[in-house]
Each structure stands twice: as structure tokens, then as C-alpha cells.
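A.B. asks: For the record, the sequence lines run as chains A and B.
Position 178 (the first sequence) corresponds to 178 in UniProt numbering; numbering is contiguous.
Position 37 (the second sequence) corresponds to 37 in UniProt numbering; numbering is contiguous.
The set of hints was computed from the structure by calculation and includes no laboratory data.
Nothing here was measured: the structure is a model prediction, and the numbers come from that model.
Glycine is no exception: its CB is placed at the ideal position from the N, C-alpha and C atoms.
Be aware that one or more of the hints could be misleading.
What the hints assert, rightly or not - Listed next, with one range per pair, are the computed distances between beta-carbon atoms:
| id | chain 1 | residue 1 | chain 2 | residue 2 | range |
| --- | --- | --- | --- | --- | --- |
| 1 | B | 55 | A | 263 | 46 to 56 Å |
| 2 | A | 127 | B | 127 | 49 to 59 Å |
| 3 | A | 97 | B | 195 | 47 to 57 Å |
| 4 | A | 202 | B | 123 | 22 to 32 Å |
| 5 | B | 54 | A | 129 | 25 to 35 Å |
| 6 | A | 246 | B | 195 | 36 to 46 Å |
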Amino acid sequence: MNLFNIIDEIENVDQEIHERLNPRRAALKSFLNFGTKVTVAAMPFAIGGILNKAYGQTVPGDVKAILNFALTLEYLEAEFYTKGVATSGLIPSGAAVAALTTIRDHENEHVAFLKTALGSDAVVKPTFDFTAGGAFADVFSNYDTFLAVAQVFEDTGVRAYKGQATGLMSNKDILTAALNIHSVEARHASHLRQMRRARGGAAANLKPWITGANDTGIGSSVDAVYAGEDNKNQAGVDINQLNGVGGKISANAATESFDEPLTAEAVLAIVNPFIK
Amino acid sequence: MEEMSNKQENEGLKRRSFLKYAGAGVAVTALAVAGCKKSDNHMPNPEDGEYFGSGDIAILNYAYALEQLEAAFYTKVAESPYSGISTQENSFFTDIRDHEIAHREFFKAAIGGSAIKGLEVDFSSINFGSRESVLATAKAFEDLGVSAYNGAGRLIQDGKYLVLAGKIVSVEARHAALIRDLISNGSFADNTVVDMNGLDKSRSPGEVLEIASVYIKTKLNVKDLPHY
């Protein structure tokens, strides 16, 4: 992930960036050195911080960093479905290929939309390894593995956008666009969960919504994707103690009725195995 | 056939809400002029309807009103399931009912003393014995809910409420996708809700309340509800 391109790109359009940064040049220098030691996971937001310092309130560097983070996730999803749909013999014809084509098209539209919004500040597409270093070795030859990875990407996407919403509050139009992508990812997740349920097996009891932590039937390798989804407390209110029908709201309903956000760091830790 | 019934449903919604509007539709009209009445510092008059408050409290009451509507609808669906309902569909509807009740009770608890009262609903336009009518209404409510939260996001001042709205809207979107698939498999995110950029719909509070007003008997005072 060529995240340092962001600073290079800004130098192209803003020759004065180093002047702007001058009082903090030492800080930038130490950040760049620091960058060689820290994991990629922490970087987009650190860069966002630097851009903020350089531009103050005029150019929302944090918004750009968030959009590049979102773009990276959309690149991942778009290439995944594009490859899957193009792999002959992977996806059953009819409803399955139609649904996955719909999802593929949305993800490619999200990539195009975010690239347009970012212009020359858009990060380049990383090289992906959809087997995640061999964890999902048959992802493009076993339909059930493909659907499992798809579900994990969509549920992660929902959590990722949710986690960045407050960082976009300074730009209402971008916030609205991000929310409009967020709910589309949730629609995808719902449909993929239904597709997996229809396949039976480990996913036979899967619901369109998330019940507790890791209801996927995939195993502990995706625990991080669902960490915290078993939360039953919202803004100090214990949902499990509220009145439902014939008693309190059940523990399952309490976790299903609220989807939880993930931090960028947690999301990047999930997707890094898929990035070469 | 499906398209047709949805269209009829939508047109029915528009016509009825227009009639209500023309008569006692103070609520939405008030919304449009609220911005011009900054000098009005009087306490809300109970005769003007159930007062939502202002700022984030008003947005929370707005969400609370919509969740009341959804919870009441699914409670009725679960009490008197449509003829021929499958075990699977019944189970999904029971889950959705419980989610909407959880949302409603959450808002009631979170808003506390500033919460609007329980709204009186009007479901006379819905045939609860018909799968087609129930699913069409469920689809309308869920898609409306998604667009309402999406559209309200920009009006929220406090980030913690934005995150809460985000936690709920994706669950509504999961419901919407399921209901749509029950009507026609594969329509979970079709081009009636997702545009050429892959973006879902947003609706302003005024648009949402105009559509929802068909189902709400209680008079609403939304003069200080943030809007655009």
C-alpha cells in the first residue's frame, strides 16, 4: 500500500507543503522514520494527523485519509467479486451469479466514486492475495469458501464505515455519501448470509443479521471480524433488560438489533493478510 | 405484478398523505417554515401536537417515532400472521419485531424525560391477512427507515448519536434486504434503492414524515426538528 504517495501527491499540487509543515518539520521527519518501524495498520491515520497539522481547518486531511482507507477496502471487494464472477465453474448460474454480479457492480461503482472524490490523492490499488496466505486456499475453486470470504468482507465493510462516520462529520456531503455506501454494504451482507444459509452445513442457521460474536460457522480464523458484536449495552442502556414481548428483550435480539463499529486499526489487521 | 402492486402502494401512500396534509398536515408544513421562526421562544403549545424538541433530542425523537411505527407494525404481523406464512418467515418476522422493539425501547430509555409519548398508529391501509400486503408494507418501512437514518446523519451534532444511528441503520438495511428477497429473490439492493454510484437513498426528515404520516394518527410538532 503506497500510502506515502499521499504526501508525494500533495507536493505535486501544493509546493508549499514543506513550508506549511516547517515548524513541525522535525516531527514529520521523525514520523517518516517512525513509519518504517510501525505496522501499516497505524499509518493512514497517522498520515491524516500530519495533513491536519499542515492544513489546519482548510483541507480536511483526515477526511482524505478516511476516504483512502475506504477506497482500499473497496478495491479489495471489487477485485474479489470481479475475479469470482469471471471464474468459470465457481458460481452456480442463475440467481447466485446474478446476485454476485449485482454486488460486484456496486463495489466497482464505490471504487469509481471514491477515486473521483479523491482525485489525484487516491491511493493506488494494492496487490491482493485472496487466499490470505493460504488460509482460504480454495477461495476461487470452492463456492462455499468464496461465499464465506464474501460474507466476511461485507460484514467487515459495514463495521469499517460505521467506525469512520464521526471522522467525516466536518464534511456533511461526504458523510452522507459514506452512510449511503454503508447501508448498501449491509444489504449485501444480508443477502450473502441468506445465500450461505441456503447452502446449509455450518451456515444452516445463519441469519441476515449478526447474532452474538462470530455466528459464521467459519471458525476462529474470523473471530476478529465479529469481536464486540456480542455487545448488549448501548449508551449506558442494557438492551437485554428492556421490556420485550412476554419478558425482557432476549440476549440474541439485543446483539442482533445493533451492529457494532470497528476501528481502522482493527479493520486493517483483518484485511492485511489479503494484501500482498 | 409485483412492480404494479408496489406502484399502487406508493401512489396510495402519496395520495393519502397529500389528503392528510391538506387537512390537518400541520406537522410537515411547520417543518418547512421552522427556519424562519428563530425568534419564537414560546413553550410548545400542546395543541400544536407532540413536541419533538430541538437539536439532537429532536433527531432522537424522530428516530423514536419511526421505530414506534415499525415496532407496532411487526407486533401486529406477529400477533396475526398472514395466511400461509412459513415457519421460516414467521421466525424472521419475530426476530425483526424484537429488533424494532429493542430500538423503540432503547430510544425511550435514552431520551428519558424529553421523549415524545407513544404514538397512535393507523394501519387501516394494510391487509395483515395478505402476504403481499404485509411484505410490501415491510419493504416500504425498511427502505424508508434506511433512507431516514442516512438522511439524518448530517443533522446530528454529537458524534456518539451518529454512531448509534449507524449501529441501527445497518440492521434496518439487513431487514430491508431480507424483505426484498422474500418478495423477489435478488432484489436486496436493486436500482430502485441503489443509484449508479452504488449509493443507497437518503431522505430528509420532511420527506420521511410526509410518507410516514399516513400511518400516524397523533399530531406531531416538528417545528424545531433540524432539517434541510
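A.B. asks: Taking the numbered hints from earlier one at a time, note which ones the structure violates and give those numbers from smallest to largest.
C.D. replies: 1, 3, 4 and 5
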